[in-house]
Amino acid sequence: MRRRTPAGLVEAEPGPAHHIEFDGRPVPALPGQSIAAALWADGVLAWRTTRVGGRPRGAFCGIGACFDCLATVDGRPNQRTCLLPAEPGTTVTTQEGHGRADLAV
Amino acid sequence: MPTSPSDSPADSRPYDLVVVGAGPAGLAAAVTAADLGLRCALLDGGPSTGGQYYRHPAPGLGAARPDRLHHHWSAYTGLAERLAAHERAGRAAFRAGHQVWALERTGVGFAVHVTRGPESTDRATVRSRSVLLATGAYERQLPFPGWTLPGVVTAGGAQAMLKAGLVLPGKRIVVAGSGPLLLAAASSLVTAGAEVPAVVEATGYLGYARRPGVLAGVPGKLVEGAGHGGALLRHGVRLRPRSAVVEAHGTDRVTGVTVARLDADWRPVPGTGRRIDCDALAVGHGLLPQIDLATELGARTRTGPDGAVALEVDARLRTSVPGLWSAGETNGVGGADLALAEGELAAHAVAGESPATALLRRRSRLRAFAELMAAAHRPGPGWTGWLRPDTDVCRCEEVPVSAVREAVEELGAGDPRTVKLLTRAGMGWCQGRMCGPAVACLAGSGEPGPDRRPLGCPVPLSQLAAGPGPESGPEA
Numbered sequence: 681m682r683r684r685t686p687a688g689l690v691e692a693e694p695g696p697a698h699h700i701e702f703d704g705r706p707v708p709a710l711p712g713q714s715i716a717a718a719l720w721a722d723g724v725l726a727w728r729t730t731r732v733g734g735r736p737r738g739a740f741c742g743i744g745a746c747f748d749c750l751a752t753v754d755g756r757p758n759q760r761t762c763l764l765p766a767e768p769g770t771t772v773t774t775q776e777g778h779g780r781a782d783l784a785v
Numbered sequence: 003m004p005t006s007p008s009d010s011p012a013d014s015r016p017y018d019l020v021v022v023g024a025g026p027a028g029l030a031a032a033v034t035a036a037d038l039g040l041r042c043a044l045l046d047g048g049p050s051t052g053g054q055y056y057r058h059p060a061p062g063l064g065a066a067r068p069d070r071l072h073h074h075w076s077a078y079t080g081l082a083e084r085l086a087a088h089e090r091a092g093r094a095a096f097r098a099g100h101q102v103w104a105l106e107r108t109g110v111g112f113a114v115h116v117t118r119g120p121e122s123t124d125r126a127t128v129r130s131r132s133v134l135l136a137t138g139a140y141e142r143q144l145p146f147p148g149w150t151l152p153g154v155v156t157a158g159g160a161q162a163m164l165k166a167g168l169v170l171p172g173k174r175i176v177v178a179g180s181g182p183l184l185l186a187a188a189s190s191l192v193t194a195g196a197e198v199p200a201v202v203e204a205t206g207y208l209g210y211a212r213r214p215g216v217l218a219g220v221p222g223k224l225v226e227g228a229g230h231g232g233a234l235l236r237h238g239v240r241l242r243p244r245s246a247v248v249e250a251h252g253t254d255r256v257t258g259v260t261v262a263r264l265d266a267d268w269r270p271v272p273g274t275g276r277r278i279d280c281d282a283l284a285v286g287h288g289l290l291p292q293i294d295l296a297t298e299l300g301a302r303t304r305t306g307p308d309g310a311v312a313l314e315v316d317a318r319l320r321t322s323v324p325g326l327w328s329a330g331e332t333n334g335v336g337g338a339d340l341a342l343a344e345g346e347l348a349a350h351a352v353a354g355e356s357p358a359t360a361l362l363r364r365r366s367r368l369r370a371f372a373e374l375m376a377a378a379h380r381p382g383p384g385w386t387g388w389l390r391p392d393t394d395v396c397r398c399e400e401v402p403v404s405a406v407r408e409a410v411e412e413l414g415a416g417d418p419r420t421v422k423l424l425t426r427a428g429m430g431w432c433q434g435r436m437c438g439p440a441v442a443c444l445a446g447s448g449e450p451g452p453d454r455r456p457l458g459c460p461v462p463l464s465q466l467a468a469g470p471g472p473e474s475g476p477e478a
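The listed protein sequences correspond, in order, to chains A and B.
Adding 680 to a residue's 1-based position in the first sequence gives its number in my numbering.
Adding 2 to a residue's 1-based position in the second sequence gives its number in my numbering.
The hints are simulated quantities; they were obtained by calculation from the structure and are not laboratory data.
Please note: incorrect hints may appear among the correct ones.
A short list of chain A residues far from chain B (calculated; beta carbon distances all over 10 Å) [what the hints assert, rightly or not]:
(1) T685
(2) E693
(3) E701
(4) R705
(5) V707
(6) T752
(7) G755
(8) G769
(9) T770
(10) T771
(11) T773
(12) A781
Sample of chain B residues facing chain A (criterion: CB under 8 Å; computed from the structure) [to be verified]:
(13) Q54
(14) R70
(15) G159
(16) P171
(17) A194
(18) I278
Pairwise CB distance ranges (calculated) [what the hints assert, rightly or not]:
(19) A/G695 / B/H251: 18 to 24 Å
(20) B/E355 / A/D782: 55 to 61 Å
(21) A/H778 / B/A467: 17 to 23 Å
Just so you know, even glycine gets a beta-carbon here, dropped at the ideal spot from N, CA and C.
Extracted from the complex, chain A is given alone in its bound form (with noise of 0.2 Å):
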C-alpha cells in the first residue's frame, strides 16, 4: 500500500520530472502539470503581488476563471499559471503590480 498522496491514489507513473524556473531558482515539475501545479506542489501558493496593497496572491479558482493566479511567464506578464502547462524550461516572475512596470505607467 502506498503512501497516501494525490499520485499514489491514482497509481500515477509520470514521466520523468523536468525543472521549471521560478524567480531564478529551479522548481520540479512532472510533464503534463501546469504551472501553478507545479508551483503548489513545492509548497508555493504566491507569485504575484497586487497593484493597490501589494498583497501576495496565487491561485484561488484553478480553472482560469478568477485571474488571481497570473503571473509573468517567459517575459509575458499577465498569464493564469492554472491554465499554462509547465513546460521545460518555463521561466515564471513574481508579478509585481500589473507586470508592466516597463511602461511606466
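Given the coordinates of chain A, assemble chain B onto it according to the supplied hints.
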C-alpha cells in the same frame, strides 16, 4: 434537417450543430447528435474533453487509475470512446483550446467567435446552423476577512488542481461554504492524503428532508452522498453544519481559520467563534451558471431557488433565442447526471427526433432534485454579518466593504452597476465573477441580475480589431 454523415471532411458549409463546452452535458450532446446524423463540432477552452467535472490528469502524468478521483468515471470514458469513433468517421470534431468569446446571429444560424490557446494566440470563427450552450458553471464566492490570503482556494479549484495536476494546496485543509461540492471536495482531499480537520457547511441539511418524494426519485444521489459521507467518516472528518468560516488568519499565507455558528439566516452567532489551525482553506458557496454567451443574445433567464440566474428553457431545452439550445448547469445547477441527461435530450431536440420516455422521466426526476438542492443551500442574508469594513469584496480591484457601503449609503448607489462605476468593484480581470453575488447583496438590489459580458473571456484587442476570424469549418 440533419445532413448525411458521409459528407466530405473538406466540406466548408456550416456545421449542423456547434456545442460549446465539453463537460458532461456537451459531451453527451455531441455524441448523441453525431449518433443522430448531425454534423457536429464540440468546442472547449481546455486541452481535453471532460470539463470541470471529469477533469483528469494529463497523459504525461501516467495515471493508471484516474477513476479514483471520480464518481461514475465509466460514464465519461464511454462517451469519450464514442466521440473518438465519430471523429474517426468524420461525423464529429472536437476542438480543444477553443475559447468562445461571443456568439453572433447570422442569416443561417450563428458565427461562433473563438480565441485559441491559453495565451489567446490566434482566433477563428466557426459557423453553424444551431448552437448548444453547455458552458457549465463557476463557483459562487462570498467574501470574508482573510479570503484573499494565499492558501485560501475555492473548493472547486482545490478539486480541479488535484484532478488535473495531482497536487494539494496544503497538508491540513479546512473545507467550508455550502453545497454538495463541499462533501465531494473533502472526500477527494482526504482520499488523496490531506488531513481535513473540518467540513464547515452553512446550512443544516434539513432542507433536503422537506421533499422526501423528490429524494426517493433519485436513489443514485443518496448513494453518492453516502459514499462521500463514508469516506469522511473513515478519515475522521468532522462535519460542522450551520457554521461558517468567518475569518482566515495569517499574514502571507493562511495559518488558521475561525469557525462560528450561524443562525437560520446565516448570521454569525456572537461568542461561538473557535479557531482551527490549517495551512489551506477550500471554500465555495455553490455554483453559478455560466450563461453570458446567451444573455448577450438576449436569452431569457430565470432566478432559481438558490438565487442563481439560469437560462430559461422549454421542455425541449430551447432557449428564447431561435436556434440556441442549453443543457446542464446553464439551466440551473444540478450536477453531472442531470447534465448528461439534458445533453442527450437537447441533441434529440436539435435533430428533430423524439427522445425515449425513460430519458425524459430521468431528466424530470434529476431536475426536481436540483431544485430541492438549490433551495437547501440558498445563502441566507445574514452572511454580511461576518464582514469587516476592510474586507476586500472585489479581489481584482481590491475594493473593501467600506467603499461599497459608502457608495450605497452615502452616494445612493442602489444596484451593482452603479456600485461598480463608483468603486470599480467587478471591473477587474474576472469581470465580477468572484464578487458579483456579494456586490449585488451589499447594493441591496435583491436578486442579482443576469450576467452581461460582451466578451465571454479576455480577447486581445488585435483580434477584435481584425474582425471575424478565419473560417474554421469541418475541415479545420
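- Query: Which hint numbers doesn't this structure obey?
  - Reply: Those not satisfied are hints 1, 2, 18, 19.
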